[in-house]
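Those protein sequences? They're chains Z and P, same order as listed.
For the first sequence, the positions run 1 to 289 when the working numbering is used.
For the second sequence, the positions run 1001 to 1156 when the working numbering is used.
Any given hint could turn out to be false.
Stated by the list, open to error - With a Cα cut of at most 16 Å, we get these calculated EDC-like pairs of lysine to aspartate or glutamate: (1) Z:23 with Z:240; (2) Z:41 with P:1042; (3) Z:41 with Z:57; (4) P:1002 with Z:7.
Hints were generated in silico from the structure; no laboratory data involved.
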Amino acid sequence: MYAPEFDYHRAGSVAEAAELLSKHPDSKLLAGGHSLIPILKVRLASPSALIDIGRIDSLRGISSDGGTIRIGSLTTHAELASSEVLNVAATALSEAAGMIGDPAVRNRGTIGGNVAHADPASDLPAVLACLGAEFVISGPEGERTVGASDFFEGLMTTAVGEQDILTRIEVPASGPGEGSAYAKFAHPASRYAVIGAAARIASSGGTCTGASVALGGLVPAPVRAGAVEQALVGGPLTEESIAAASSAVADGLDDDEVLGDVYASAGYRKAVAHIWVRRAITAAAGRSG
Amino acid sequence: MKIPVSITINGRRYDRNVAPRLLLVHFIRDVLGLTGTKVGCDTSQCGACTVLLDGVSAKACTCLAVQADGTSITTIEGLAGDDGLHPLQESFWNKHGLQCGFCTPGMIMASHELLRCNPDPSAEEIRHGLEGNLCRCTGYQNIVRAVQDAAAGGSQ
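If we strip away everything but chain Z, and leave its shape as in the complex, we get (with noise of 0.2 Å):
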């Protein structure tokens, strides 16, 4: 398949990059590509040219000062999947992280062209709702920091504007009795998330002190399940009280928001969401003794 025709233009640095979109309107930011490439193939896109951001070294990287994970935002896949940091302060996202796609996908893609192109069925939006994330991003009036509720605006849509570039996500690190988790429904082809749950559970003693659950896969944009963290705060870290916490994660879908398809109708996936939220809790709880 090809794309249709566009111009290309490479950017050595972030300032260049910026001076590229303004020069050139109806352009598109390439990272790893392996967002935009499939949708220009198919034609849901056809950029008059892309800007690649693909070498720009200052985006890449995950450092951390204890406190706070910085995410450059052409980290790969890969790298994320394999970061000892993230596995020990994030966990949920180097578990997402290496749930994504293949090897080879992994190798290419990256955490801001994953999270920039929203897509439902991606697994990196919900674990960045449930941590907390804050997106960095660098516009014509300069540097703005978004939060995940506000980042993520809808189906693919973003807070990500035709002149912004996304330069990284912050992400905080756990702390002591703290963990987190994700646990997918994979569509068993494409490996998309049919349902995605993170869980970010802090605990003391065997009792919940602090619950972030985030869903992905069902919904337009990551929602976090508020009925569930409630029913789970205060309450003993147990397989039936994470049971029935995680069964309250219907109450909170909105029945016109909840997505289907010919694999698994909207019906379908709410009911059986409690399932993933489950394994999330479970393992976020395991982790966070």
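Mind docking chain P on chain Z? Use the hints.
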């Protein structure tokens, strides 16, 4: 618009002017005539187009040739040395890890990546490591055996 690219494939440098929309797999197959790398699904799912890009696996149907400018690529044609087939090629042959052969170049390049990351994989890890490569003939059993054989230095 044409963009000059310089891409090293199997140790030989190629300088060409390419259209920005040209996929790396078409550059390899149609521009250079190296037809070992296959186009299967063309949607980054089947893995028939898998090559090594600067030493790590990549699906050449989901990479533009311009993105590969300045990189070094290994295709199935570049695996065998002067002293004969690559151990993975030997093992796929000896263990009958193929039938029609269409998926085999990509399967071997993905197996190369798997053994780079995990030199002694279990059968389960091999199945996971090759989940981005589809074979419609073998049922995968002999592919797993071939990778195990290659990991064991051809002794199985």
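Evaluation of the provided hints:
For the given pair, residue 23 (chain Z) sits about 59 Å from residue 240 (chain Z) by alpha-carbon distance, which is inconsistent with the 16 Å threshold. Distance hint between residue 41 (chain Z) and residue 1042 (chain P) is fulfilled; the C-alpha atoms sit about 9 Å from each other, no more than 16 Å. Annotation: proposed proximity of residue 41 (chain Z) to residue 57 (chain Z) is violated, straight-line Cα distance about 27 Å (limit 16 Å). With a C-alpha separation of about 8 Å, the suggested pairing of residue 1002 (chain P) with residue 7 (chain Z) holds against the 16 Å cut-off.
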